[in-house]
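Go ahead and model the full structure; you've got the sequences and the hints to work with.
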Amino acid sequence: MTAAPAPAASRPRRRIPAAWWLLLPGLVILAFAYFTPMLWVVRMAFNRFIGGGGIDVTLSLDSFVEVFTDPYYLRVAGTTLALGCWVAVLTVLVAYPLSLFLARTTSKYRGLITMFAIAPMLVSSVARTYGWMVVLGNQGLINTVLSGLGLTDRPVQLANNFTGVVIALVQIFLPYAVLAMSSGFGRLDADLEQAAASLGANRFTRFRRITLPLTLPGVLTAGLLVFVLAISAYVTPRLIGGGRVFVLAAEIYDQATNQLNWPLAAALSVMLIIIFGAAIGLYQILQKRVERRMSGL
Amino acid sequence: MNRLVVVAIFAFLWLPILVIFVVSFDTSTFLRFPPQGFTLDAYATVFSTPAFVSGLWTSLIVAVFATAVTLVVSTAAALVFTRSTFRGSGAAQAFFLSPLLVPNIVLGLALLLFFAPLGLTDGYLGLVLAHVVLCIPYAVRTITVSLTTVDVSSEDAARVLGASKLVTFRRVTLPLIRPGIVAGGVLAFLVSFDEAIVSLFLSGFAVTPLPVALLDHMETQAGPEVAALSVLLILFSLGVVLVIERVLGLTKTLRS
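From first to last, the protein sequence lines stand for chains A and B. Quick note, the numbering used here runs 125 ahead of the 1-based positions in the first sequence. Quick note, the numbering used here runs 826 ahead of the 1-based positions in the second sequence.
Keep in mind the hints are simulated off the structure, nothing from the lab. Note that CB positions come from ideal geometry on N, CA and C, so glycine has one too. Take these hints with a grain of salt, some might be off.
To be verified - To spell it out: a stretch of chain B is covered by chain A in this simulated footprint if at least three of its residues, at any positions, have a beta carbon under 8 Å from a beta carbon of chain A; those stretches are:
no.	region
1	828 to 841
2	951 to 964
Unchecked claim - Some but not every residue of chain A turned toward chain B, in silico, with C-beta under 8 Å:
no.	residue
3	A144
4	L147
5	W165
6	M169
7	N172
8	G176
9	T183
10	V260
11	Q296
12	Y359
13	I377
14	L397
In structure tokens, the structure reads:
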């Protein structure tokens, strides 16, 4: 906190602090278009759907029972979880060497290189998903190259399935992961690594004992961020999944707008938020453990 | 070896974006690679597709209003978070940043269910409100950062010399934090302009922003006109970012 200017002591007291007036517009908008709707959605999950878009305002667990017992929805939740885990792990693995490079490089173009790593974030995700449709499709770039080289006689199925969605999401979330990691890589100190080297540690030992522990908090943050983004992704699974990859986000949209079953859509959202909360809880446990090990060094 | 890995990662990162550029000049009308010939037809198609043109206008209008509201609200809030000792400041700040943590699909559903009975769906007001919520975290963050990096002693000096709080803000603080406000505004504009999911829930027949129009279009066809529109969108955001980078150093603002 920076020093605050002197409070208005000269004014008559018992007036509402200026802070409240400054916060008020934001609080009103957030209360109306964010907080209340979020509570509303939870309340909606307890209503009962009576077909044809009708909703019986009541307190029932029907929608939750359906969501948590129907094998179809459990499978959708499983696919969503698997997607989140695959994308988070792979994105972190790809982003890690890139972030290390950006943290260590002494090139005078460092700013420009960093921008090249982050700029794709600002490219519409619909546009990038389209790019991947062209790359991964049966008549796309990869299959043209593979068959041109005579390596395959049939197109490799890369689009319209889970693999394609994972590949595209890894690329789409890569800049987010790089940003999240880089901000945690400040602790990385070239002197420490050099000291270890001069004391005879080989590259592998240096990485395991110094670089990795110092960068682990950033890695965890990036992993959480990407997981959270991946389990709520809608556009990419819908377009690249080609109607074969069913995730919670697509199911929520379908129930809300096509089936008009709002209680079920709300219950599915609650399920997504529970997965979300679990991920954040796990993150905090891991982060605490890492911090403890670090301070024990 | 290391360098090779980094080059490969950059290739992976930029491959789909480069492919879009190539395909946008293709003469073939369905999804394939390599292109069959060179033409600018796809770009002409973009501008003769009514859904795209009206979508562009809708997106621009929503983004401009959302950005304006976001900046006013966020600057006021950021002042409290950095210049006030008021008790609930930390909690309020967490609340202002928290929409970032809510999955857009859940927020979209929540807004549909809450706004539909109020008649706020399929209209500008509902879209702008929703986008303001999505943009606030970005703007609050960048403006807070620039407020904390600005030296408070010049503000104190102005106060000591008798300037009122309002004058101090307008004549001293505001010019000093202008880079932060511009950066926050650019981020807000781009977030709003690119928002697809929340808009998908809130738009219907009357008001359809560009990303939603594009998604609807891609449901049935994915020819080079999609690539051409994507290229235009990419050039638009890269242009905005490059200008800002030249003027202010956006990467610095983002990383600090």
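Comparing the hints with the structure gives:
Three residues within the 8 Å Cβ limit are the bar, and the region 828 to 841 of chain B against chain A gives 9, so the coverage statement holds. Closer than 8 Å: that is the beta-carbon criterion, and the region 951 to 964 of chain B has 5 residues meeting it against chain A, so the requirement of 3 holds. Because the closest C-beta pair between A144/A and chain B is about 4 Å apart, less than 8 Å, the hint holds. The criterion of a C-beta within 8 Å of any C-beta in chain B is met by L147/A, whose closest approach is roughly 4 Å, and the hint holds.
Because the closest C-beta pair between W165/A and chain B is about 5 Å apart, less than 8 Å, the hint holds. Hint on M169/A holds. Least Cβ distance to chain B is approximately 6 Å, under the 8 Å limit. For N172/A, the interface hint is violated, since its Cβ never comes within 8 Å of a Cβ in chain B; the closest pair sits about 10 Å apart. With 8 Å as the threshold, the beta carbon of G176/A stays out of range of chain B, its nearest partner Cβ sitting at about 18 Å, so the hint is violated.
With a least beta-carbon distance of about 16 Å to chain B, the hint placing T183/A at the interface is violated under the 8 Å criterion. Hint status for V260/A relative to chain B: holds, with the closest Cβ pair at about 5 Å, below 8 Å. The closest approach between the C-beta of Q296/A and any C-beta of chain B is roughly 6 Å, which is under the 8 Å cut-off, so the hint is satisfied. Because the closest C-beta pair between Y359/A and chain B is about 5 Å apart, less than 8 Å, the hint holds.
At about 6 Å, the closest approach between the beta carbon of I377/A and any beta carbon in chain B falls short of 8 Å, and the interface hint on this residue holds. A hinted interface residue such as L397/A counts as satisfied when its beta carbon comes closer than 8 Å to some beta carbon of chain B; here the least separation is about 6 Å, so the hint holds.
Against the hints set out earlier in the document, violations occur for numbers 7, 8, 9.
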